[in-house]
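Asker: Please build the complete structure, drawing on both the sequences and the hints.
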Amino acid sequence: MADPPKFDKSSRYTEGRGLAGAFEGETVTRRRLMEGTVLVTGGIATMAFALPGLGFALGPIFEDTTPTRWQDVGRRDDFNDETYVPRVINLVPEIGDPGKTTIYVRRYNPKRDKRVKGQDPQPYVAISTRCAHLGCPVRYIQASQKFVCPCHGGVYGFEGQVEGGPPVRPLDRFYTRVRGGRVEIGDRFSLNSELKRFSPRDPSNHLDGLWQYIYPSRPTT
Amino acid sequence: MKLPAPPRPKFLRRSPPRPGRNGPNGRDGAPATAKPGVKDTATEGAASLVGWLDERTGTTPFLRYFLYRKVPKGTNWYYTLGTATLFAFLSQAVTGVFLAMYYEPDPTRAYESASRITNEVFLGEFVRGMHKWGATVMIILIFLHMARTFFFGAYKYPRELNWIIGVVLLVLTLAMGLTGYLLPFDQRSFWATVVAVNINASGPVVGPYLADFLRAGAEFGPTTISRFYALHMLAIPGLIIALIGAHLYLVVKLGTTAPPWLKAEKKDLLREEV
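Top to bottom, those sequences are chains A and B. Heads up: the first sequence at position 56 corresponds to 56 in the numbering used here, and the numbers run straight through without jumps. Every number in the numbering used here is 221 more than the matching position in the second sequence, counting from 1.
Be aware that a few hints might be false.
What the hints assert, rightly or not - Listed below are the simulated EDC-like cross-link pairs for lysine to aspartate or glutamate, each with C-alpha atoms no more than 20 Å apart in a straight line:
(1) K100/A with D407/B
(2) K196/A with D208/A
(3) K100/A with D275/B
(4) K353/B with E333/B
(5) K100/A with E333/B
It should be emphasised that the hints constitute simulated quantities derived from the structure, not laboratory data.
Answerer: Written out as structure tokens, the structure is:
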């Protein structure tokens, strides 16, 4: 009685493993090859539309959506260094009223304003009314010389530094310059509690201590 | 002399009586029955159409399995909360499609179009009201359904996955509320959205990117509304429909649980419904 044919299950060759329809020298079965082909082509076809689509939707994260735009807010003498004057600027001109915001502007006061080392002060202080807690509009109260937020009770001092409530950093400011005797407002920037300048951040993003490391800046700024 | 009548066209000729008990050629020689009326023809036509579809799709066995499956003793009205939520969703879907026919997702026109729906379009106030209040009703029903599942212990093995799918559906429904809230574009919805996006921005590491994704940029911009609108009417509802399918599939596959106050019986654990 002949011995049953011996097969080695770990053989490289389908023939050696004793598979039906095996070819000599064949290492991958045709069924397995077809499975692989279907998976790879299906994957490529899916990625071909999914990746561009995803990039399209996520695009605004990686592109600069707020181009620099200098806006005239008045003559030099319209502003003093003792109190704020409200002005309305266009953050997003294309959308009309929702794109407008109020800012508070005054001249830089060398006696009163804190000087940050290694950083030129802006000629004018233009404070954004976007609360650093969750973005509600703050209001300047002349009598107490404080900015107050209506939503959750954030209070900021004369320079926009946090004096109470939930905000995590001072009020944002805008770059300023003087051209032909007129004051112009440029890009937004954020400040930490030392009033050091940072790229613009969203409200609620810390800029001090260890907290600042879990809130990355935008890739474009 | 009487001439033979010309042959009548085929459609005017009476069809020969069907062979049967009552026909003139029937066994008892009774008079022929009347020609089938319009009603009979319609019934027969509808029945044969349904039969044609049924034979090709196998709907009847599926529906028999789906609708006449056995349920445990003690099943009560609380078990209808899931279906109630499903109908709230369907109502939102239907009214939402009709609202989309009049709504314009553009920052300069959104408020105008929404107020036109309320004030000018025929029944617009009613349909918009249904969509607005239906959203609240759906959230309430979801939480009642969730409470029923929790207190009846219906989330336990083997139904954990269905609980997880349900939680994802809850989160997606809340996301529908968030994205839909902006669309009327009045003061309240604008500032609510500003604050909501900034709450997203407060998440560690991914927060700032998530906020930029939602706003389509660093500031509330020209495409923020259309982005919320696309998420609200296409992306999230698609996900919800797919997950409702999975949810229902698991309910049918695993069956429902008996209320916790029902003790297991020695015999007749499941009673067949007659």
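Asker: All hints are to be evaluated individually against the structure, with a verdict given for each.
Answerer: Right, here's what the structure says about each hint:
1. K100/A with D407/B: 15 Å, holds
2. K196/A with D208/A: 10 Å, holds
3. K100/A with D275/B: Violated, at roughly 61 Å.
4. K353/B with E333/B: Judged against 20 Å, a Cα distance of about 17 Å means the pair holds.
5. K100/A with E333/B: Holds - the C-alpha atoms of E333/B and K100/A are around 19 Å apart, at most 20 Å.
In this structure, the one hint that does not hold is number 3.
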